[in-house]
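Peer 1: Chains A and B, in that order, give the protein sequences. According to this note's numbering, numbering within the first sequence proceeds without interruption in unit steps and concludes at 669. According to this note's numbering, numbering within the second sequence proceeds without interruption in unit steps and concludes at 1039.
Do not take every clue at face value.
[Claimed, not checked] Keeping only pairs whose Cα atoms sit at most 20 Å apart, straight-line, the calculated SDA-like set for lysine to any residue is:
1. Lys748/B x Glu709/B
2. Lys134/A x Tyr98/A
3. Lys310/A x Glu709/B
4. Lys142/A x Thr743/B
5. Lys955/B x Tyr260/A
6. Lys523/A x Asn622/A
7. Lys523/A x Tyr77/A
8. Lys116/A x Glu32/A
9. Lys875/B x Pro372/A
10. Lys134/A x Asn96/A
11. Lys253/A x His826/B
12. Lys158/A x Pro372/A
13. Lys200/A x Ser972/B
14. Lys748/B x His826/B
15. Lys804/B x Tyr260/A
16. Lys844/B x Lys1021/B
17. Lys789/B x Gly264/A
18. Lys200/A x Gly931/B
[Stated by the list, open to error] Here are the simulated distance ranges between beta carbons:
19. Ser203/A x Ser908/B: 45 to 53 Å
20. Asn850/B x Glu368/A: 54 to 62 Å
21. Lys229/A x Asp770/B: 56 to 64 Å
22. Gly264/A x Arg792/B: 22 to 30 Å
23. Gln424/A x Gly925/B: 50 to 58 Å
24. Asp770/B x Ser285/A: 35 to 43 Å
Just so you know, the hints here were simulated from the structure itself, not pulled from any lab data. Note that CB positions come from ideal geometry on N, CA and C, so glycine has one too.
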Amino acid sequence: TKMAACSRIGRGGHSMDKSITLPADEIFRNLENAKRFAIDIGGSLTKLAYYSTVQHKVAKVRSFDHSVKETEDDPLYEISVQEEITARLHFIKFENAYIETCLDFVKDHLVNTDTKVIKATGGGAYKFKDLIEKKLKLKVDKEDEMSCLIKGCNFVLKNIPHEAFVYVRHADSEFRFQNTHPDIFPYLLINIGSGVSIVKVESEDQFERIGGSSIGGGTFWGLGALLTKTKRFDELLQLASRGQHASVDMLVKDIYGGAYGTLGLTGDLIASSFGKSATADKEFSKEDMAKSLLHMISNDIGQLACLYAKLHNLTRVYFGGFFIRGHPVTMHTITYSINFFTKGEVQALFLRHEGYLGAIGAFLKGAEEDNPNQYSWGENYAGSSGLMSVSPELNPMQRARSGTFDMLEMDRLERQLVNLPLLQDPSSYIPDTMDLTEDAVAREYWLFCFEEALEGVVKRAIASQPDLPQTRERAEKFSQKYRHKLQTLRHQPFAYGSLTVRSLLDTREHCLNEFNFPDPYSKIKQRENDMALKYFQKAVKSLESLSWEQRQFALVKGLLAGNVFDWGAKAISDVLETNAGFGFEEAKRKLQERPWLVDSYNQWLERLKGPPHKCALFFVDNSGIDIILGVFPFVRELLCRGTEVSSFYEHSFVLRSHLHCKCALSLTS
Amino acid sequence: MKIKDAKKPSFPWFGMDIGGTLVKLVYFEPIDITAEEEQEEVESLKSIRRYLTSNVAYGSTGLRDVHLELKDLTLCGRKGNLHFIRFPTHDMPAFLQMGRDKHFSSLHTMLCATGGGAYKFDRDFYTMADLRLRKLDELDCLIKGVLYIESVRFNGHSECYYFENPTDPDLCQQKPYKLENPYPLLLVNIGSGVSILAVYSKDNYKRVTGTSLGGGSFLGLCCLLTGCSTFEEALEMASCGDSTRVDKLVRDIYGGDYDKFGLPGWAVASSFGNMMCKEKRESISKEDLARATLVTITNNIGSITRMCALNENIQRVVFVGNFLRINTLSMKLLAYAMDYWSKGQLKALFLKHEGYFGAVGALLELLNQS
């Protein structure tokens, strides 16, 4: 399906006859089941939101009952691919110029007719009310802009890791993503639209506009247009980025001849904005005036933000609004100002999905009966555009955004996510050992690895579904999509927050799911598991024949050997595929002699002589020799001691039921 | 403040405050000169006294604010009149030339100066006029000057005043204010830029913050927007303009009050916000622009001040500085803003000698140290 948006009226009044062709079905996805529409129409961009369901395949495990009899050749369990329906949120951002075309497309593809209303917010909601009602045949239900904004902000902060970032101009990575604090409240949201609103948010439903200022984005735009005869906001920012404010502003050194030492005011500090333009006989360049204006306004907003933050004793300060939205120049000046006025104590925080907050909030207001806030939602990397580079040097096309559609998709997660209560400080816990956003060499290495491995994954994917239709075509589409994602991440490593090996794996998984490959490795896993499980009884028996102390040591060695397998080295996997038991013994033999690099075995042994542990928590892979031959015997020993055991899998299912069954057996036998 | 009569410095007595835009000069004219003194008085000293007291304008830009003159003042055991003179900082070279022509350096007097220019022009004073400056901190001088003038009163009248009924334009009027037990107070000095000080006692104060959006920004922006060139012109234009044609008000967005957040319809939502629109840019006058600039700068100073007062827990604010000279519009706006947004908790106070306190403080230092 293609959609054409033609003959938009260009700025300046004359038609620019700018037509674009959009693959609309790749933008407004899953419209068949779409419901709960919301729209946020700003000064230049429209954000459409809807809730939909997606049907996709999942791998399910069924254990056979082995209590009766076991023969050598029967598989111990069976994997079946089943259909599952999950909820997905869609958010699409596009220029107001395309609103009519987009609404037409949505109307044409809408199947669900239960939907009667569309929630609307933003300054343009009123202006486009009639158009929306006419096109979509939905009743427009207006929602307060500020409360939508706050609701949306809470939602992204809660659900999207690395949503917030500090901006560091000219650094290797412009964005430094922040770990989400387990408790997002309280915080300050400074929304810089035409004016400034300063809102203190204390809980999900409790927020207060504690102040504001009339000097905001509208002042920059309006005053800037008067001073420079430049009409567009983006052009004004461009002018500003080229200007020298010192020719217009009166600096401390212009008054003092240097710094004002006793107050610690440096010579370059602005003493009086536009202080040098108080003369009739001098011309000033547009660039310099725009720059001076930008500094004046950014500093002023930063100062007020700091005064409010101090008065209300808040340290988390997020900035949003059209003045900020993706503009490196304003993010930089605001960051500078906050840093100056708080002496570095408060950092200016920005949000990856800042532009979507209003739409998300309006959507949430209309979707209350689905209780979206009772679930955890995850950003779907396959369906989301990610953050674009904002540096004009890095991405010259960025400024010319016309015709680009930006998307955010969020999947409802199986379970509500919570912070692990055992963590000392969840906000400072970083699960990844390497930040590929910061480390360019490591980034290139890993991107290369994933690219290299792609062909193999495609083969496995095809092999995993021999009986399903269009497997090859889907696998090819997956390959294209993931390769494209990797390329994007090479240029914009910050697209989905900090880039890590984990996020590269997640992106791959999302892309695989997108094309209905829930687990390309399921066949291999099953073979490996089957082999390991066959050896399991023997392994347990041999452990039982050992003395208590010997057994404890053997169990720990088994755990470590399991990790040796997890290296995934090809040589080892070859050994595995022939003889799991042999491979495992081989790995144990390859272990270093004690003392190990980190070696607390003696303390562990002493502890085991004491009373049983109340509870043990395992973080394990969901499949393979390492868990079956390394972890299971260890767990079995703990269970026999009377310790309760829980486990966390990196990637859900497959063996969960099996483990429980085996553990139960161990306890009773 | 009592000045000891032990060792008097020799005449002439000056205090100088060299700011970013204006130089403020206070001159003490002794009127109790004995015949003996008169005879001993050197020609250059006489000439300076005559020149300053017999003129109200000096050169093309220097002016004496005659209406501010403090008469029959006793300072350091001498009786005299205190004169208040100002000229633009960019005319400093002409001033130095005059000092040289009048052989100022032959008087071996110490010239006490404060403000940034005391540092910036230190060398010029020496090389061009053979004068050595005693440089003083501008905030120290400002506070000393304020406390002194407040204590001696303005020719029998109150130096300090406020606006009664600030929220009612018809009933709003200037009233004298007795600044007894002045501490703590917030002192807001609006010159080219703005400094905000929290004053806890005569010699305990701190600079809370400052902003670069001050008098210099008002005049600088007005010059660019309207082509005017003086503060007087800019104010004159502002007085006949209408800022609501330039600014976007709350009611322009919400059709009336924004009740949810307690914002009245008349409040400015976006300064110069209407100027985003081409048609509106073409429909406004220079006067409207001057008025909007004045309102923007003034209200911003008001809101920063109010936040500082809240953070410092201070209820009285004294506004000084030359931005307020002949600028009743801004003073009333500040009085209104303090009262309205604090629900009557904050009081805005003003002083008649607006921008001269730093110079007065410098003069007091001269008399104190010798």
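Peer 1: Hints first: check each against the structure and report whether it holds.
Peer 2: Evaluation of the provided hints:
Distance hint between Lys748/B and Glu709/B is fulfilled; the C-alpha atoms sit about 18 Å from each other, no more than 20 Å. At roughly 16 Å between alpha-carbon atoms, Lys134/A and Tyr98/A fall within 20 Å of each other, so this suggested pair holds. Note on Lys310/A and Glu709/B: the hinted pairing is violated, with a Cα-Cα distance of about 61 Å set against a maximum of 20 Å. Between Lys142/A and Thr743/B the alpha-carbon distance is near 71 Å, which puts this suggested pair outside the 20 Å criterion.
At roughly 36 Å between alpha-carbon atoms, Lys955/B and Tyr260/A are farther apart than 20 Å, so this suggested pair is violated. Distance check on the hinted pair: Lys523/A and Asn622/A sit about 14 Å apart at the alpha-carbon level, within 20 Å; holds. For the hint pairing Lys523/A with Tyr77/A, the CA-to-CA distance comes to about 12 Å; that is within 20 Å, so the pair holds. The suggested pairing of Lys116/A with Glu32/A holds, with an alpha-carbon distance near 15 Å, which does not exceed 20 Å.
The suggested pairing of Lys875/B with Pro372/A is violated, with an alpha-carbon distance near 51 Å, which exceeds 20 Å. With a C-alpha separation of about 17 Å, the suggested pair Lys134/A and Asn96/A falls inside the 20 Å cut-off, and the hint holds. Proximity of Lys253/A to His826/B is assessed by CA-CA distance (about 39 Å); at most 20 Å being required, the pair is judged violated. Annotation: proposed proximity of Lys158/A to Pro372/A holds, straight-line Cα distance about 12 Å (limit 20 Å).
Pair hint Lys200/A plus Ser972/B holds up; C-alpha atoms about 18 Å apart against a cutoff of 20 Å. Note on Lys748/B and His826/B: the hinted pairing holds, with a Cα-Cα distance of about 19 Å set against a maximum of 20 Å. Between Lys804/B and Tyr260/A the alpha-carbon distance is near 12 Å, which keeps this suggested pair within the 20 Å criterion. A C-alpha spacing of about 12 Å is found between Lys844/B and Lys1021/B, which places the hinted pair at or below 20 Å, so the restraint holds.
Among the hinted pairs, Lys789/B with Gly264/A is consistent with the structure: their alpha-carbon atoms are about 17 Å apart, no more than 20 Å. For the suggested pair Lys200/A and Gly931/B, the alpha carbons sit about 15 Å apart, so the restraint of at most 20 Å is met. Checking the proposed 45 to 53 Å range against Ser203/A and Ser908/B shows it holds: the Cβ atoms sit about 48 Å from each other. Checked against the given bound of 54 to 62 Å, the beta carbons of Asn850/B and Glu368/A, roughly 57 Å apart, stay inside it.
Separated by about 47 Å at the C-beta atoms, Lys229/A and Asp770/B break the suggested range of 56 to 64 Å. About 23 Å separates the C-beta atoms of Gly264/A and Arg792/B, a value consistent with the hinted range of 22 to 30 Å. Between Gln424/A and Gly925/B the beta carbons are some 53 Å apart, a value that agrees with the proposed interval 50 to 58 Å. Remark: the range hint 35 to 43 Å for Asp770/B to Ser285/A is upheld by a beta-carbon distance near 39 Å.
Of the numbered hints given earlier, the model fails hints 3, 4, 5, 9, 11 and 21; all others are met.
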